[in-house]
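2 protein chains.
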Amino acid sequence: MTDTFALLSGERFTVVYRLACSEAEAWERAAAICREQTAELPLDLLPSDEIWDQIVGRIESLSPLPDGCFEAKISYAVEVAGTELPQLLNMVFGKVSLIPGVRVERLELSPGLLKPFKGPRFGRAGLRAYLEAPHRPLLAATLKPMGLPASELAQLAFQFALGGIDIIQDATTLADQRLAPFEERVERCTEAVARANQVTGGRSIYMPNVTATAYEVMERALLAREVGAGGLLICPGITGFDVMRLLAGNDDINLPIMAHPAFLGSFVANPVQGISPYALFGQIMRLAGADATSYPDWGDCSSFDRETCQSIAEGCGAAMGGLRTSFPAPEAEINRDRVPELYETYGREMIVVLGGSLYSRGPNLAENACYFREILA
Amino acid sequence: MTDTFALLSGERFTVVYRLACSEAEAWERAAAICREQTAELPLDLLPSDEIWDQIVGRIESLSPLPDGCFEAKISYAVEVAGTELPQLLNMVFGKVSLIPGVRVERLELSPGLLKPFKGPRFGRAGLRAYLEAPHRPLLAATLKPMGLPASELAQLAFQFALGGIDIIQDATTLADQRLAPFEERVERCTEAVARANQVTGGRSIYMPNVTATAYEVMERALLAREVGAGGLLICPGITGFDVMRLLAGNDDINLPIMAHPAFLGSFVANPVQGISPYALFGQIMRLAGADATSYPDWGDCSSFDRETCQSIAEGCGAAMGGLRTSFPAPEAEINRDRVPELYETYGREMIVVLGGSLYSRGPNLAENACYFREILA
Chain Z
1 MTDTFALLSG
11 ERFTVVYRLA
21 CSEAEAWERA
31 AAICREQTAE
41 LPLDLLPSDE
51 IWDQIVGRIE
61 SLSPLPDGCF
71 EAKISYAVEV
81 AGTELPQLLN
91 MVFGKVSLIP
101 GVRVERLELS
111 PGLLKPFKGP
121 RFGRAGLRAY
131 LEAPHRPLLA
141 ATLKPMGLPA
151 SELAQLAFQF
161 ALGGIDIIQD
171 ATTLADQRLA
181 PFEERVERCT
191 EAVARANQVT
201 GGRSIYMPNV
211 TATAYEVMER
221 ALLAREVGAG
231 GLLICPGITG
241 FDVMRLLAGN
251 DDINLPIMAH
261 PAFLGSFVAN
271 PVQGISPYAL
281 FGQIMRLAGA
291 DATSYPDWGD
301 CSSFDRETCQ
311 SIAEGCGAAM
321 GGLRTSFPAP
331 EAEINRDRVP
341 ELYETYGREM
351 IVVLGGSLYS
361 RGPNLAENAC
371 YFREILA
Chain Y
1 MTDTFALLSG
11 ERFTVVYRLA
21 CSEAEAWERA
31 AAICREQTAE
41 LPLDLLPSDE
51 IWDQIVGRIE
61 SLSPLPDGCF
71 EAKISYAVEV
81 AGTELPQLLN
91 MVFGKVSLIP
101 GVRVERLELS
111 PGLLKPFKGP
121 RFGRAGLRAY
131 LEAPHRPLLA
141 ATLKPMGLPA
151 SELAQLAFQF
161 ALGGIDIIQD
171 ATTLADQRLA
181 PFEERVERCT
191 EAVARANQVT
201 GGRSIYMPNV
211 TATAYEVMER
221 ALLAREVGAG
231 GLLICPGITG
241 FDVMRLLAGN
251 DDINLPIMAH
261 PAFLGSFVAN
271 PVQGISPYAL
281 FGQIMRLAGA
291 DATSYPDWGD
301 CSSFDRETCQ
311 SIAEGCGAAM
321 GGLRTSFPAP
331 EAEINRDRVP
341 ELYETYGREM
351 IVVLGGSLYS
361 RGPNLAENAC
371 YFREILA
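So the sequence lines, in the order shown, correspond to chains Z and Y.
The opening position of the first sequence corresponds to residue 1 in our numbering, with each subsequent residue numbered one higher.
The opening position of the second sequence corresponds to residue 1 in our numbering, with each subsequent residue numbered one higher.
Please note that a few of the clues may not be correct.
Straight-line distance between alpha carbons at most 20 angstroms, and here's what the computed EDC-like set of lysine to aspartate or glutamate pairs gives [what the hints assert, rightly or not]: (1) K73/Y / D53/Y; (2) K115/Y / E25/Y; (3) K118/Z / E11/Y; (4) K118/Y / E216/Z; (5) K73/Y / E11/Y; (6) K73/Y / E152/Y.
No lab work stands behind these hints, which were simulated from the structure alone.
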């Protein structure tokens with residue numbers, strides 16, 4: 001046993017949980033988290049004191065929150081998480097996800113734990129340099145509806161690039177269906193955006209959706225790179241976060257990544273269960289290599305309020321070892337009146353993913369795009 | 001346009017959603033699902049009537065439920081989902097996961113949609129044949145705590161196999177940490193179980209946890225196969241469901257798969273948001289190739305009640321095209337008194353994953369295992 005524990009460095013990382021229960025229950029629940037995420041056995045069944053000391057999570061603090069919940073800071077030995085993202089996710093919210101009334105609020109990751117993670121390849125500064133847009137907020141548009149053939153999606157892409165949209169991304173519903181097969185779509189849309197760039201002298205990029213069957217993700221990303229696409233869209237909730245991390249880390253691909261929240265809504269639907277938007281869309285997406293992370297902006301029938309959106313932006317920008325920051329990418333309907341509050345919330349460090357109004361404002365999509373770029377500038 | 005739509009077969013599949021809202025809102029919300037999962041544009045912005053007719057989801061029925069919620073049956077053209085699991089998951093609960101008050105109750109998948117899916121490789125009958133246990137309920141034990149070296153985990157495995165446990169699985173906290181590295185653990189535990197089988201004449205198997213970085217999953221599974229492990233444990237919520245499907249479909253691996261619910265708790269934490277346990281642990285796990293799916297049994301601090309557990313068993317066994325059935329694998333503390341209600345709930349078609357009492361009943365683990373096998377028989 002001694003040999004095993006000699007491997008432990010003593011370095012720990014912390015997960016901050018919100019517990020929805022009474023104070024008495026809070027201590028019990030925190031203890032259950034410490035146990036269930038690690039040894040999965042009660043104290044009296046542990047085969048050695050060292051496992052209690054070194055392996056089982058440790059309650060660093062437990063304090064009441066203004067809303068009646070409790071905040072538990074629980075630390076774990078970094079070796080418990082190992083060096084892989086899947087096991088880190090499992091440590092943070094694996095079995096605990098099945099305990100009622102527990103939400104991960106934020107991660108406080110130590111240098112040794114962060115070391116194997118490269119995070120976003122471009123990050124905010126890198127993406128700005130890549131898009132030759134050093135200061136202004138960025139704009140994204142979504143190619144839709146599903147049902148259009150690749151040639152018509154490419155026409156949309158051309159119009160949006162002509163109008164100065166920085167990032168033109170597939171709708172996540174566009175996969176590799178026969179209606180607009182992936183390869184044809186990537187070729188046509190990439191070509192269309194390049195053609196528009198020649199007209200404008202701009203640096204718009206097309207981001208195909210590479211969400212797919214596990215190995216296909218990498219193949220499609222390599223194809224996209226080969227064809228000349230400027231970035232990648234992926235839904236890590238569907239592919240697994242680690243697949244996105246592999247994409248981001250691949251030198252042959254070397255493209256910026258936009259993460260989409262599809263399939264992840266349940267994690268953030270409940271203030272007392274799941275993972276906070278700050279931790280999920282900010283911290284975890286960055287660990288997994290997203291250069292930008294999109295989510296529904298507040299307003300309309302969004303489940304997020306303004307404060308939540310702001311917290312996502314904070315998670316995208318907060319210090320996290322040497323990891324690059326990422327862009328918050330709110331999907332929003334904007335107009336002149338809304339622009340000030342967007343700036344107030346995000347500053348210039350945002351990618352606004354334009355909603356249906358990009359399509360509805362008038363028949364000329366390039367003009368619509370121009371208009372939104374102008375009011376945001 | 002006509003060419004594109006000539007590709008559509010007219011075959012449709014249905015997703016049954018539970019909507020938590022008033023009747024007036026229910027129609028609106030159902031329409032939002034139809035739209036947001038497909039065209040992502042309102043009717044008046046669709047470029048053609050065919051997209052409305054063929055691509056946008058269709059409300060087949062909307063009816064009140066006894067609890068005040070509404071049940072919406074929404075159908076989609078099979079071509080919209082394509083032939084890949086990631087896109088099917090996206091169709092079922094992609095953007096919709098971000099709409100408040102929507103839960104997927106069940107999937108009604110058509111033959112054409114199911115065609116590309118092989119489902120569980122073994123299924124109930126196959127796993128029973130493989131374990132040479134044609135009739136009785138099966139028993140599983142979990143190797144823990146993390147912190148034990150591989151040699152001591154192997155000793156536990158030996159004891160459990162000696163006591164007649166059918167499936168001896170890693171705790172999901174065991175990944176590839178230095179405390180008990182994957183390769184050494186698989187070799188030692190596999191050998192220990194084989195040695196016990198020689199003593200008993202039984203057919204116990206060891207299932208290492210292959211949850212890992214995307215490509216590593218397959219490598220570890222192949223290593224496990226090579227070493228002679230009898231099955232695989234995986235957390236598809238962490239790796240992505242499609243990674244499990246690839247494992248199940250791989251002829252070189254050819255091992256039964258136990259799916260663990262780690263990281264998936266948020267999907268099933270809320271009766272009016274997420275995915276029903278029936279659909280998630282039953283239907284989706286089968287689509288993704290699980291031969292057995294574990295979950296916390298009712299009682300104690302479980303978030304599941306008995307009815308929910310029963311519904312999971314139903315999802316594991318319900319007709320789904322030609323897909324094999326899977327085993328419900330409740331993680332339970334059992335004793336003589338509980339056995340009748342387990343039979344009432346699951347019949348013999350269950351794998352009972354024994355909890356801490358396997359460790360706590362007495363110092364001789366093989367005897368403990370024997371005892372539980374006896375009271376369950």
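Hints versus structure:
1. A threshold of 20 angstroms between alpha carbons decides the hint, and for K73/Y with D53/Y the separation of about 17 angstroms falls inside it, so the pair holds.
2. Distance restraint check for K115/Y and E25/Y: the Cα-Cα separation of roughly 36 angstroms exceeds the 20 angstroms cut-off, and the hinted pair is therefore not satisfied.
3. Distance hint between K118/Z and E11/Y is unfulfilled; the C-alpha atoms sit about 45 angstroms from each other, more than 20 angstroms.
4. Only pairs whose Cα atoms come within 20 angstroms are accepted, and K118/Y paired with E216/Z is accepted, the gap being roughly 18 angstroms.
5. For the given pair, K73/Y sits about 15 angstroms from E11/Y by alpha-carbon distance, which is consistent with the 20 angstroms threshold.
6. Among the hinted pairs, K73/Y with E152/Y is inconsistent with the structure: their alpha-carbon atoms are about 52 angstroms apart, more than 20 angstroms.
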